[in-house]
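Chemist: Now for the letters of each chain:
There are 8 protein chains.
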Amino acid sequence: MDKLKELLKDYKEGKIDEEAIVDYVSLKPFEDLGFAKVDHHRRVRQGVPEVIFAEGKKAFQIRGILEEMIKSGDLPVLITRLSKKKAEKLKDLGIDYDEISRCATLGELPKEGDRTVLVFCAGTSDLPVAGEAAITARFMGAKVRSVSDVGISGIHRLLSFQEEINKADCIIAVAGMEGAMPSVIAGLARVPVIAVPTSVGYGASLGGMAALLSMLNSCANGVTVVNIDNGFGAGYSAALIVQER
Amino acid sequence: MDKLKELLKDYKEGKIDEEAIVDYVSLKPFEDLGFAKVDHHRRVRQGVPEVIFAEGKKAFQIRGILEEMIKSGDLPVLITRLSKKKAEKLKDLGIDYDEISRCATLGELPKEGDRTVLVFCAGTSDLPVAGEAAITARFMGAKVRSVSDVGISGIHRLLSFQEEINKADCIIAVAGMEGAMPSVIAGLARVPVIAVPTSVGYGASLGGMAALLSMLNSCANGVTVVNIDNGFGAGYSAALIVQER
Amino acid sequence: MDKLKELLKDYKEGKIDEEAIVDYVSLKPFEDLGFAKVDHHRRVRQGVPEVIFAEGKKAFQIRGILEEMIKSGDLPVLITRLSKKKAEKLKDLGIDYDEISRCATLGELPKEGDRTVLVFCAGTSDLPVAGEAAITARFMGAKVRSVSDVGISGIHRLLSFQEEINKADCIIAVAGMEGAMPSVIAGLARVPVIAVPTSVGYGASLGGMAALLSMLNSCANGVTVVNIDNGFGAGYSAALIVQER
Amino acid sequence: MDKLKELLKDYKEGKIDEEAIVDYVSLKPFEDLGFAKVDHHRRVRQGVPEVIFAEGKKAFQIRGILEEMIKSGDLPVLITRLSKKKAEKLKDLGIDYDEISRCATLGELPKEGDRTVLVFCAGTSDLPVAGEAAITARFMGAKVRSVSDVGISGIHRLLSFQEEINKADCIIAVAGMEGAMPSVIAGLARVPVIAVPTSVGYGASLGGMAALLSMLNSCANGVTVVNIDNGFGAGYSAALIVQER
Amino acid sequence: MDKLKELLKDYKEGKIDEEAIVDYVSLKPFEDLGFAKVDHHRRVRQGVPEVIFAEGKKAFQIRGILEEMIKSGDLPVLITRLSKKKAEKLKDLGIDYDEISRCATLGELPKEGDRTVLVFCAGTSDLPVAGEAAITARFMGAKVRSVSDVGISGIHRLLSFQEEINKADCIIAVAGMEGAMPSVIAGLARVPVIAVPTSVGYGASLGGMAALLSMLNSCANGVTVVNIDNGFGAGYSAALIVQER
Amino acid sequence: MDKLKELLKDYKEGKIDEEAIVDYVSLKPFEDLGFAKVDHHRRVRQGVPEVIFAEGKKAFQIRGILEEMIKSGDLPVLITRLSKKKAEKLKDLGIDYDEISRCATLGELPKEGDRTVLVFCAGTSDLPVAGEAAITARFMGAKVRSVSDVGISGIHRLLSFQEEINKADCIIAVAGMEGAMPSVIAGLARVPVIAVPTSVGYGASLGGMAALLSMLNSCANGVTVVNIDNGFGAGYSAALIVQER
Amino acid sequence: MDKLKELLKDYKEGKIDEEAIVDYVSLKPFEDLGFAKVDHHRRVRQGVPEVIFAEGKKAFQIRGILEEMIKSGDLPVLITRLSKKKAEKLKDLGIDYDEISRCATLGELPKEGDRTVLVFCAGTSDLPVAGEAAITARFMGAKVRSVSDVGISGIHRLLSFQEEINKADCIIAVAGMEGAMPSVIAGLARVPVIAVPTSVGYGASLGGMAALLSMLNSCANGVTVVNIDNGFGAGYSAALIVQER
Amino acid sequence: MDKLKELLKDYKEGKIDEEAIVDYVSLKPFEDLGFAKVDHHRRVRQGVPEVIFAEGKKAFQIRGILEEMIKSGDLPVLITRLSKKKAEKLKDLGIDYDEISRCATLGELPKEGDRTVLVFCAGTSDLPVAGEAAITARFMGAKVRSVSDVGISGIHRLLSFQEEINKADCIIAVAGMEGAMPSVIAGLARVPVIAVPTSVGYGASLGGMAALLSMLNSCANGVTVVNIDNGFGAGYSAALIVQER
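Residue numbers (this note's numbering), protein chains in the order written: chain Z, 1 to 245; chain R, 1 to 245; chain U, 1 to 245; chain W, 1 to 245; chain L, 1 to 245; chain H, 1 to 245; chain A, 1 to 245; chain P, 1 to 245.
With the rest of the complex left out, here is chain Z:
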């Protein structure tokens, strides 16, 4: 409210008129009260860079957004759910594309922080989702470590990562089918676990609903859940958790 006080002082001194204060207070310019313009200042407001969800957008549309960002210096940018085909059409812009996670970044990533997000992936079919989570967290400044192929049917392999679990500041656990891995991991960990159900499975997996329900009903403490296949959401939240405040 300091700015308002300044304005009031100016107003009393006759430097500005009544309307200037009314405008300032009215809802429309509310964003200027510290929230900035949506298009260019979101990074300022929420402290995070821009992200483009590519699914459903055409290559030329993504190109348009990217070009505007390059022009305004609004980098780095993360592009998720980007098909290989579209990625190839954007290659000349200098994007860095990861085929498995279908993510791309453009611009220099922020310096890696001190605290670690550990990403566990149950099966090879879950890798795209785990990759999206890892790249998102790294894009937002987190240090990321990844472990794959640690399903609960071979529990000893999973247990062999106890040391990595102990060192992590936040864990993302990605699993399809019965989605039980996050519960086991949370039982081994002292940090928050974000569970990501995937649509991997068939029949009664109901497109990932079985894994989702399983994770929501976890008997282990410290587990929160995101939408099916939402690697981005998990990476984003994990990065918020490990960010320095």
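These are calculated hints, taken from the structure and not from any lab test. Glycine included, every Cβ here is placed at the ideal spot set by N, Cα and C. Fair warning: there could be bad hints in the mix.
Claimed, not checked - Calculated cross-link-like contacts (lysine to any residue; reagent style SDA-like; alpha-carbon spacing at most 25 Å):
| no. | chain 1 | residue 1 | chain 2 | residue 2 |
| --- | --- | --- | --- | --- |
| 1 | W | K167 | L | E244 |
| 2 | H | K57 | L | S125 |
| 3 | H | K9 | W | D10 |
| 4 | L | K57 | L | P76 |
| 5 | H | K91 | H | D149 |
Said to hold, decoys possible - Interface residues of chain U toward chain L, partial, derived using beta-carbon atoms under 7 Å:
| no. | residue |
| --- | --- |
| 6 | G107 |
| 7 | S199 |
| 8 | G203 |
To be verified - Sample of chain P residues lacking proximity to chain Z, with all beta carbon distances greater than 12 Å (derived):
| no. | residue |
| --- | --- |
| 9 | Y11 |
| 10 | K57 |
| 11 | N230 |
Assemble the complex: chain Z is given as a structure, and chains R, U, W, L, H, A and P must be docked to it using the hints.
Modeler: Leaving out everything else, chains R, U, W, L, H, A and P in the frame of chain Z:
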């Protein structure tokens, strides 16, 4: 078909007439062709004693059935889902009642077999279902061992039972909430695992559907599943699996 | 693995025999490899005090657990989902009972930490769940602030808490019906938001499933979700997030 | 019933015979009792022009209907869910095609009324549905204003349209994912809000069911809901609401 | 913003100090910027009187709210979902209670408007919901007419109300079971139809979901839908539709 | 339309005036055009006696309806879903009450027809539904035969009724749990089979949905299905099927 | 059992030996006890011709079956769910193909019976299912009449078919979306109504589940239901209903 | 633990150093403590050969795995869900491909055991799943017998296999649509029955959920269930059941 041959011989020799054979062959007395009368001879046909599902039956009705069985010597008998209140009304018949599993037996149980059914129970709230499974399997002649409170959030406790797992001939794994325990156990075992989801949980457990779906989507091999809270079904199938053939 | 090396040295020197090492390595005493006995050492392993889920437990059972804990000095302890009736039966043990959240604690709570968990509650019917979250987080050492009655249909009231949002290190957002409040809050915050759907509502709220699905599909970044009515889970995870590491 | 009285008078006077009255009263020509023939007179009966739902109809079939309408002067006509491909095959008939909403109109639209339908659209992926709603309402004579990209995760942008909300006579709020926007808007408005869930989303959005349930459970007053992606239905009802009566 | 201008004038003239304006503008008292205090001024903001949803509130709590309202002159007030038992405890306050709809009002209702809301009720079991809708609409100033027992299995009875349909400005159609009545009515009407599914039915009615889905999929134009049993919501929206603007 | 012609003749001859015809033709008394008055003439229109669905009606309300029917001679009447408690309050009216099916009749039933409805009931818990079906069909004039306790797990018992199946003109098959019995029966029959799922079961029976889905997916030809526990509906349709036309 | 008697006579006379009778009676050739060989004698057993469900079968497989049937004189035959493409590959066999219903017949159809099946179809998109029902019923010997485009939103058009309804012996009502038409028709009819839900619709139609649930919950008497899009099942049952017995 | 004892002996004798034992015991190579390396020694641990789930894997990836297995002598291997197209690309490796079940094996199968798994298949569309079950069981050493086309609508054909049922040691029952066949078979058998629901069906079969629910609710004893279309899981469990222990 030996009996038919006998009848045919009798018929040729004029001892019986044509109608006797037609009657014998016709659909109605089909049960006499080796399948026996339903009420008293089911044990002969399927090789198992009688079971009464008490839910929805009144105490006096159960008493009626039991008294007839006592009269015809059709013992032992198992009664499942029997409330404490009804059990008390039947005490004078000499039933052996277990309050936790809400099961009762009447008559001498068959001799314990050589092969073992191992019953794992995830939480204390799952005990009624695990108890029903254990009593049913024992009632059908299996040797039964039980382990409780081995949820997957404390995985090391579960792992400490590896030796028991190795000795079992069939495993029943009872769990509510996310229902992940059977998958972990199947990864440690070389014998069939029967998973029993329970209705323990709240919210998105959907009355046990979350656990059920989880078990059906198990990434571990060797897991089959029964209905929610169906301890009887699991115990019955386990006993069939370990029976001498 | 240092202990193993010591043992090996002792073994070579003839102080212990072969069996001692085999025992140490075998699965059963695995817990002694730093994981401790489940009953009394869990606090050591996961760094959190004990919690009793009272639903489905009888008063005398809870009393038994509490008395053992008092004896072993295993305090403080948190009891959730404790009905008023049961609480009254336990009053003499010195529990501190909160009627709205149906939670009780026994023993001195840990010192309040420096970082804040902010609990938003949409409607008065959601208060029990929000209270459970707040008490759980406080029980685990977090500083907790609560705001109630901030549904999204009166958005300006919610917006008036922007300052509190800015000061929080983690936010818990509790809402039933359409469950939209966490999305709005996440749009205003720079810290992780844990969304808790409640079973408040009727008809197509499907016992809280509508709110749960809504939260899982949040268009805002930084939202993770727990089970319906699971205030405890949210408080627990929030406390893990704000704990000093 | 005035017409019947006239006929009866004519009948008594011998101008018409008995059969004429029986015909008039019998069920078949019921439509002539003020409801008109279905094909050509529906506009008269319900006061609205004809609409063709193009999905599932082939281009030549739509052409057939349109040509008959042109011939009988039954214009204007609205065609919804018309693919670009089919639209091109009908270009020569003079249709006015909007690619985003996949709607086309043929013939002069009715004069714009005095009262306003305001269409809010949450995300760019929801634009086809919002467009269908806007075109339908305009086609039925309403004045339509549209605002896009006002998701609730950036609530201040939405709030900046308070003035538009105040001026509207009916609001259509189109949103996918968690579908929370209509609730926020209804809290800001004094007029009826029609919520349109879209199938935008993935995983637990369940093809739009999450948004639909969210809207049905709105904690804000004054919200009614239509089927998933049913922009037409919302536009139609909104136009009925703002029509002069 | 007139009040702000006044304040600014006062401020310039030295009548009030800077803090008074800051207080006025700051987010907390935001409601005073034209939105009023929630408790007492909501009527001003949205133009509607106060409503109390009694379900889950105790009689003494409702009494408390009512007494404050009486004191502040904030009448009339509508109380919905009020059980007969609670109503009796509040009788001395002078509430006007309707047993069927379980609604009560206190204070003089607004003058009946010129435009009509017509409430159709399919079966006698749907009467509580239809009653809630009727009372709510009347409470908000609408003229209300009601017709009961017009299920679609006796279609001619329903058709006999064509004249009433023609005279209505908005129709509420309340039905359980297959929920088809609103579609038939919308085919006969030229005004908006608000469909209210009820939980009347059994088995595959799924607590009203069958009726809800039926209404959302209506093949008739002009139908919007509210939550199961949400007579209040329908009455509220209908009153908004027929209000003079 | 014969009556109309008569009236017209009378009108021309001056026996009746214009208004009499207008009244006759107007929508309200439409029922007199061959459809009769709803209350008293429904039997005429659809050829069936009156039925009262007692669930949700109070004893005194049912008494009121019955007394009016007795007075107008509108007997026989069938009352379904009538609790024992209510039945006792109506005893003095002379109703004939069946405790298992919770049905009562009042008045002399129509003469038994020549064609037979055969009712199969899978388990003893399904008897109330089967009984409702049998009584309804008999009430409507059908000859009814019933067979109980013929679940498919003891298929030979079911097969022993081939002769009864061959003699039936329509079969009703009532089953809960997996609901497979109607499929087996339809494979043995040459007449229409009406399948009635019951809510008997637990867990994944989902209140009868499992049986309902099973019956809808029957691999046998000639099966149609009614709602869960809808014995009345099955009996009614079966009676229509066997009625002489 | 006549054949058995013959065999017994032959046996007594020494024409056949004991084994011949044992073979005849044993389970394998059970079909010869009056049930015939499945492939060729099913018509005899159930009194209906053969039907081929073409979906999932390749053209050459269908050809194989048809050629065998032609050879053995097992005609006529009905083929359902036959794509146009496959139909063209079978043209040379002389099949009679209907493109809308995707059904084909081969061989002379049975003489049309005296009793009528009336098929109502709600919308043009429902025509394939209605066509399948009509062809199936006709194939089985019923007289079939069809009426299309009689949705309930234009109720007067539907009412204009009262006379056809009165003449029918059984009615099939085919509808998608809200599936309400069968309820309206059953209210107008005195004969059994078979309701067929179709998958026509989108969003909350849930692939036809909305229509299915609607029909199962019909408030009208005399309605039974078949699976979504199961025109064949409806036609089959309707033909059984109208067959002479 | 024998290997550990050996190592200890070697260590005491100075043949190996301390580190060798630490390495052996440490968590990573934990598998060597009797559980073997995952890639090559799984057969040792669980007593079963390797299996590749081909769905979602590319031909070249499968080739890579197979070539490594051939090199290490890790045969036989089973490949499930292998499309014909991929199979052709692997032909040169010498795989034995079954087109119907889409399974392939490579290497000599284990000797057929003494005990029999009997696979029942309801319809021809269920053959791929039944085939997968049969090949899996055989691959694991079981003796397998198969019976097809024994749906319950032609119950006598199913009954004719009583002798085969009597001889089996474990039965797999594969069925889609209403999934009732396993219940009938379990009523005829004295051995465990594993029910496999298939996704065969349409409409209310809900992708196999109807069959799955049906099987879980079986009224027959001795039935356990696997996921929809999970022939592999059923074959695997059946082989475990009949294996010599």
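Chemist: With reference to the structure, classify each hint as holding or not holding.
Modeler: A quick look at each hint next to the structure:
1. For the hint linking K167 of chain W to E244 of chain L, the alpha-carbon distance of about 14 Å falls within 25 Å, and the restraint holds.
2. For the suggested pair K57 of chain H and S125 of chain L, the alpha carbons sit about 9 Å apart, so the restraint of at most 25 Å is met.
3. For the given pair, K9 of chain H sits about 14 Å from D10 of chain W by alpha-carbon distance, which is consistent with the 25 Å threshold.
4. For the given pair, K57 of chain L sits about 19 Å from P76 of chain L by alpha-carbon distance, which is consistent with the 25 Å threshold.
5. Between the alpha carbons of K91 of chain H and D149 of chain H the distance comes to roughly 31 Å, so the proposed pair goes past 25 Å and is violated.
6. With its C-beta approaching chain L no nearer than about 32 Å, G107 of chain U sits outside the 7 Å limit, and its interface hint is violated.
7. Using the Cβ-Cβ criterion of 7 Å, the hint placing S199 of chain U at the interface with chain L is not satisfied: the shortest such distance is roughly 11 Å.
8. Interface hint at G203 of chain U: satisfied, since its Cβ lies 3 Å from the closest Cβ of chain L, which is below the 7 Å cut-off.
9. Remark: the non-interface label on Y11 of chain P is consistent with the geometry, its nearest Cβ contact in chain Z lying 22 Å away (cut-off 12 Å).
10. A Cβ of chain Z approaches the Cβ of K57 of chain P within 12 Å, the least distance being about 8 Å, so the stated non-interface status is violated.
11. A beta-carbon of chain Z comes within 12 Å of the beta-carbon of N230 of chain P; the shortest separation is about 7 Å.
When held up to the earlier numbered hints, the structure conflicts with 5, 6, 7, 10, 11 and fits the remainder.
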